[in-house]
Amino acid sequence: MESFSAQLFKRARWLVKIRWIACFLVSGLILFVTEILHFQLPLLPLIILIVLLALYNALLAFLLHKIPPSNWPKRAVELLRWQFSVDFILLALFLHYSGGIENPFAVYFIFHVVLSSILLDRFYAYIQTILGVLLFLTIVLLEYLNIIPHYSIFIYDQGGIYQSPLHVLAIVFALISALCFSALFASAVAIKLRQRDQELQEAYAMLKEEDLRKSEYVMMISHDLKEPIATVQNCIQLVLGGYCGNVSSPAEKTLKRATKWIDKMIQLTHDLLSLSHIKVMPPIVLKILNLKREIQEIMKEHEKIFKDKSQKIEMSLASDEIPIRGDREIFTHIFTNLITNAIKYTPPKGTIGVNLFTEGERVILEVWDTGIGIAAEYQENIFKDFFRAPDAVRHDPDGTGLGLAIVKQGVERLNGVISVISPYQGKQLRTCGTCFRLAFTAVLEEEANS
Amino acid sequence: MPNQKKVLVIDDNPDIIENTRIVLESEDYDVYSAPDGTQGLALIKKVKPDLIILDVMMKSLSEGFEVARELRSVNSQEFKEVRHIPILMMTAVHQKFNFGFDRDLGTEWLPADAFIEKPVAPVDLLNKVREMIGGTK
Chain A
1 MESFSAQLFK RARWLVKIRW IACFLVSGLI LFVTEILHFQ LPLLPLIILI
51 VLLALYNALL AFLLHKIPPS NWPKRAVELL RWQFSVDFIL LALFLHYSGG
101 IENPFAVYFI FHVVLSSILL DRFYAYIQTI LGVLLFLTIV LLEYLNIIPH
151 YSIFIYDQGG IYQSPLHVLA IVFALISALC FSALFASAVA IKLRQRDQEL
201 QEAYAMLKEE DLRKSEYVMM ISHDLKEPIA TVQNCIQLVL GGYCGNVSSP
251 AEKTLKRATK WIDKMIQLTH DLLSLSHIKV MPPIVLKILN LKREIQEIMK
301 EHEKIFKDKS QKIEMSLASD EIPIRGDREI FTHIFTNLIT NAIKYTPPKG
351 TIGVNLFTEG ERVILEVWDT GIGIAAEYQE NIFKDFFRAP DAVRHDPDGT
401 GLGLAIVKQG VERLNGVISV ISPYQGKQLR TCGTCFRLAF TAVLEEEANS
Chain B
1001 MPNQKKVLVI DDNPDIIENT RIVLESEDYD VYSAPDGTQG LALIKKVKPD
1051 LIILDVMMKS LSEGFEVARE LRSVNSQEFK EVRHIPILMM TAVHQKFNFG
1101 FDRDLGTEWL PADAFIEKPV APVDLLNKVR EMIGGTK
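One line per chain: the protein sequences are A and B, in this order. The first sequence begins at 1 in our numbering and counts up one residue at a time. The second sequence begins at 1001 in our numbering and counts up one residue at a time.
Possibly wrong hints are sitting among the right ones.
Said to hold, decoys possible - Short derived list, chain B residues pointing at chain A, Cβ under 10 Å:
#, residue
1, N1019
2, V1023
3, S1026
4, K1118
5, V1123
Stated by the list, open to error - Examples of chain B residues toward chain A, derived with CB under 8 Å:
#, residue
6, N1013
7, D1028
8, P1119
It is worth saying that the hints were derived from the structure and are not from the lab. Ideal Cβ positions, reconstructed from N, Cα and C, are used throughout, including at glycine.
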């Protein structure tokens, strides 16, 4: 979850966008009132102000883009405080050159106060509010006392409202009270929201911790179950292997049936162990891993099975070495699982393919097949624990439904992402069964060599 | 039979020891057994087997590895004479994750000559043993 400072930084980028919109709208508005409504506005200072706003926004955009993420939080907060003040000053100047107290856009002070109250701590939000109030008061007062000129936008019979003490007082009171209330309410709501956010983060951390405990529990139970089941299996294998004397035919058949179920139980405990283990594993140190070599090695190990099922293999591996940051055992687990699945769900004489290539800064690994495919409605569930699509169950009733869950956990452990495409249109533009697409971050050559 | 090859099985599950004994004796191997690492190491010195079959996970998660490391430790004078005896280690798949098993590092890191994944089918066990020390018959 993001920290408050990181959120502020993100919002600063958002504010830059809003400011571009403001530049555009203010320019349009000035054009409209001077050209269509024929208001007499001092164009030069207003244009200078728009240029200033644009320049300052461009500078902010540049800074936000340039500051490295590690320096984000603290600077972002400072930047944000500072930019609200600049916004207020620019707004006050715009107001001054476009009618002062007569200009209905004075209410935009409220908009600024609300934004700063939501995005800043209460203390700084109040400081911004006070600054807004002071700026507005100063302009109105100086214009009232004729210390600075007043640029009228409306023509009045008698002097204009900026000279009418009652009118000025009423507007000043209304606007300042609105600013103060906005600041109070908006910061109260923002504080509540931040508290709620904090609570959610804590609850999330707690759930994660509980999930970890659960996985440890599952791992322990699976391990304790596996040993007795494996011993029973071993005993039956001995009897069936004739090591304990001759076995009658009905006894052999019955024992074979028992073996089938025991194999299923062993597979289940095995998958549960792998899945829970990969979940509870402490953070691993990722090493440089040459995917091409790993893939070739694993494919070689499966050659006999491909041959037995008369499945064709199509490999399209990038000519260069493609290193990623990974862990050999986890990658072997992931890739073997995907290949085993492809073999299982592809009919004899079908094709299984592996593509490995780079796409910008990402390394893409695709494992595809011309098998039974995965219907669109099941695709979002296939990585969930124990989920099996009906077609897969028909094809192989004995699967545990944990294989792809293990794969997904493994890919995430290597900071990668996995997605499924079915039906898949390969490079040869042929409709295939399923394609699992894995994306990892590429390692730079210098990094790999060091 | 004087030329019988001796195999020592170290496992804390007595039934697995018994089953392994039945399988290996069917091929006339002379089978010895120990229920834990300490007794196993003592028996290695005494019997000087041709092969040691070692379960990784006994009382502790890595007892098998510890036995193997102790036996192969270059500094140890105690096991100097038996250091060369081949070790067949029985592991479960997930243990590779547990111990950072790394094919690149091979025997330097894990002092074992071969691995076999549990549960082991009798035929696979016999093939592996034959491959490592040859048949007895």
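Going down the list of hints, with the structure as the test:
The interface hint given for B/N1019 is met, as the beta carbon of that residue sits about 5 Å from the closest beta carbon of chain A, less than 10 Å. Using the Cβ-Cβ criterion of 10 Å, the hint placing B/V1023 at the interface with chain A is satisfied: the shortest such distance is roughly 6 Å. Satisfaction of the interface hint for B/S1026 is found here, the shortest Cβ-Cβ separation to chain A being roughly 6 Å, below the 10 Å cut-off. Nearest Cβ of chain A to the Cβ of B/K1118: about 6 Å, under the 10 Å cut. The hint holds.
The beta carbon of B/V1123 is positioned within 10 Å of a beta carbon in chain A (closest approach about 7 Å), and the interface hint is therefore held. Against a cut-off of 8 Å between C-beta atoms, the interface hint on B/N1013 holds, since the closest Cβ of chain A lies about 6 Å away. Taking 8 Å as the C-beta cut-off, the interface hint given for B/D1028 is violated, the closest approach to chain A being about 13 Å. Satisfaction of the interface hint for B/P1119 is found here, the shortest Cβ-Cβ separation to chain A being roughly 4 Å, below the 8 Å cut-off.
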